[in-house]
Each structure stands twice: as structure tokens, then as C-alpha cells.
Amino acid sequence: MMAKRIIPCLDVRAGRVVKGVQFEGLVDAGDPVEAARRYDEEGADELTFLDITASHENRDTILDVVSRTAEQVFIPLTVGGGIRSNADIRRLLNAGADKVGINTAAVFRPEFVQEASSQFGSQCIVVAIDAKCVERNSEGLPLRWEIYTHGGRKPTGLDAVQWAQRMQAYGAGEILLTSMDRDGTKQGYDLPLTRAIADALTIPVIASGGVGTLQDLADGLHQGGADAVLAASIFHFRQHSIPEAKAYLRSRGINVRL
Amino acid sequence: MIIVIDYGSGNLRSVAKALESVGARVRISQQAEEIKQASHLVLPGVGAFADCHRNLTASGLLPALWQHVEAGKPFLGICVGMQLLFSEGHEFGIHPGLNLFAGPVIRFATDMADPEDGTRHLKVPHMGWNQVQQTQSHPLWRDIPDGAHFYFVHSYHGCPQDPQVVAGRADYGIPFTAAIARDNLFATQFHPEKSQRHGLRLLHHFTEWRP
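For the record, the sequence lines run as chains A and B.
Under our numbering, read the first sequence as residues 1 to 258, first letter to last.
Under our numbering, read the second sequence as residues 1001 to 1211, first letter to last.
Note that these hints are calculated values from the structure, not bench results.
Virtual Cβ for every residue (Gly too), placed ideally from N, Cα, C.
Any given hint could turn out to be false.
Some but not every residue of chain B turned toward chain A, in silico, with C-beta under 7 Å [stated by the list, open to error]: (1) 1018; (2) 1046; (3) 1047; (4) 1110; (5) 1113; (6) 1123; (7) 1124; (8) 1127; (9) 1129; (10) 1149; (11) 1153; (12) 1194; (13) 1196.
Construct all of the structure, not just a fragment, from the sequences and the given hints.
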């Protein structure tokens, strides 16, 4: 039987892992290759690097990080952040990434996703979607979400469900769905959002944004209907290990790879 | 020397790095003369069946590949590199394959019920870790537990006419062929180079395989 995937995510800036700590900004949290190895040894099912190096900084450092990781870690590696062209994708794949995450560039020019998937295959194109709730009913239940860019600051007017369907039609192999309402809050995934997108698509959906507890992971898979769950801080600050997370999910009747 | 055939279908480096990590001497090559010297040959492949077949044909490397296979030397196909060994692929039309294994490569249906939630459909591509049941004993399965998880990314799967060649089976809505084997040929629909310790073990056995 197919296992649900647990995907630790590392934010990488100029070759170092960074973590946002509330009220303190970004702190250095170590060597990404070392962190990737630890997650691999612990049994992570995949890894994601999100390159948050600003465009004026040295962007080639991520290629070195990816290359060194791919020499030592033999699970799928997705790299996202700042990818704007097929040339960017080729460089990352050549360095050893297995998939790339396209976010803002898809919003500005959706055809880019078509070009990327037809050149490299859908299997390596993950479209990252940042969505925010824009309409609730009188009981406060969410009715509609929109795509936002710039870390949730800029609305685009694009309906999240329709956008996800369009990205699937354009050849996305997978959707990485982040709730901008929940990201960083530790209140759990936006389950109605996750469910709405997962039900509307035939490609896999990775839930992201808001994990605070192991129960949140189970909820994202059960109630959210996600195929995989992505989390950063609960693993990175060793609040929980990957084996703990898997043992918990298994105790909740979820099939995981042990 | 193990040669990974470079015919313009990505993912070569990860295969080569995984083989290196289990101690093999590996070269990625697009030279027919070099391929003819290989002790072991690996045919990787990602993307569409027809593109891969066209690229492989255009590469001019097929005669060297056939020579290796016919000499009885170890050969490993991975993902689309396995699919290409079948007689035909049904992705974007019907296209001929290398016909080393009789049977078509067909798409998963998108209306297969999810066994864990009957109200939903299984996602296609089949992407993630699935258990592989070993349907025959084989040197490449040695010390790998039956039912071990391997990493898959694919929408199409090969259907061999001869059940004897099935070496591994997995379930995704339907039982499908996850590995095939005959004589000096072994091929996997999953990616051993991305399947952590069990995948590395399989690759290690391949490097030592003397069929």
C-alpha cells in the first residue's frame, strides 16, 4: 500500500539553514547538508530546500548545497525559490535536485509551467501555491481562497481552487499548498483549504503551513486529504523527530514508511 | 566499469551518485565505443515514453546497447528505462519500444477508488513510497525485505505478457508490475537511486551481479 509522505523543509539562505524566530527575525540554524543527512537517516520520505537567498546575493550557493546533498542523500530532493526559467531548472536538476518548486514565476507567467513540464516532465515540476482565505460565511467558515505573492502580502485576484486546476492542466506533477493564514502560527494546516484543493485535483497535494503538533500532521492527511505533509519548525527545533511523527501517524491508522 | 547511458534524459547524476556511494566505478557516457566496454549497463529515463525512445534512437547508442544485452552482460533499466524494454508505449499515442519484453506500457486509470477512502479517487501520477512484493527470488533482491518500500513517480506501467518475467509487484488501485527480470536483464519501475537504503542495496547487488 502507498505510504503517506513526511517532508521536512529547510529554508536556505546563502548556503545556510535559517529559521524565522518570532520577534527576532532570522537565525542561523546550521549547515543544510548536515541537516539533510540527519533527516535522511531519521527516515524522512523526501526533502525540500526553499532557497530564500535574495536576488542580489550569490544565488549559486544553492547549487553547491544541492550538489553536496545529492552525493550523500538518496531520497527525493525538491528545491524551490526564485526559479524563473528552464535554464534555472536545468541547473538545479543537473546539480542533483529531483524536482523544482515554481511559485511566483507561475503567477506572473503561467505558460512557464507548460514550458517546464514539457521540457523536463511533469514528475519534476511542483507548483507552489500560497493561498489566503478571502471570504467567509456568517458562521465564519471559509468559502473562498485567493493566491497571494510576496510572502502573503500581495493579492493576485486568482481563485486558489481554479488556479490549482489550471496548474494541473499546464502539467504540474504535484501541488505544494501553503496557507498564508496559518504559516508560522503553529495552529495546524488550513484543513478546508487543503481539502478543497485535494478534492479538485487528480495530482498529489502536499499540505504546508501551520504545523504545531503531530496531530496537525494526521489532520492534514485525514481531514485535509493531502498526500504528503510538509513541516519545518517542529522537526528543525527537535520538538519532534521523524520517527516520532511516523510512529504517531501509524498509531492513527495512517500508512507510513518505517 | 559501470556505464549509465546518457541519451538526453535527465536524472543521470543521481543514478551515478547512488552507484558511486555503493563503491562502484561509474561513468555517464554518450559514446558507443565506451558503452561497448561496459561491464554493467544502466538505462535510466524520466519523461515521456515517445521522447525517451526517440532520443535513444537518435543517440545512435542502440547498437551498443543491443550488443551488451546479447553478450549476456548485466543490464538495469530504471523507470522509463524499464518501460522502453516493452514492445510498445501508450503515452501520447502508441509508440514502439525495444521489445525485449512483450507487452504494452499503459496509463493508470484516473477513476480508481482510494482504498482508504472509497469516496475519493487515487491520484495519478503514482508518486511516493509503495511496498514491493518480490514475486521471485533474484540476486538483486538479496537481503531486501519482501514488502520493502521503494520510491515511485510514474503515470504509466508495463504489463508483461509472460508472468514469469515479473520480479516484483506493487498495488496502486490495481496490482501492477514494479520490476521485471530475465537472464541478464533487470528493470524497476521505481527509482532505486531515490529509495534510500533498500534502493542502495539493490544497486550494490547490481554492481556485483554476474548473471
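| message | Tell me the numbers of any earlier hints that the structure contravenes, in ascending order. | response | The structure conflicts with hint 5 only, although it agrees with all the remaining ones.
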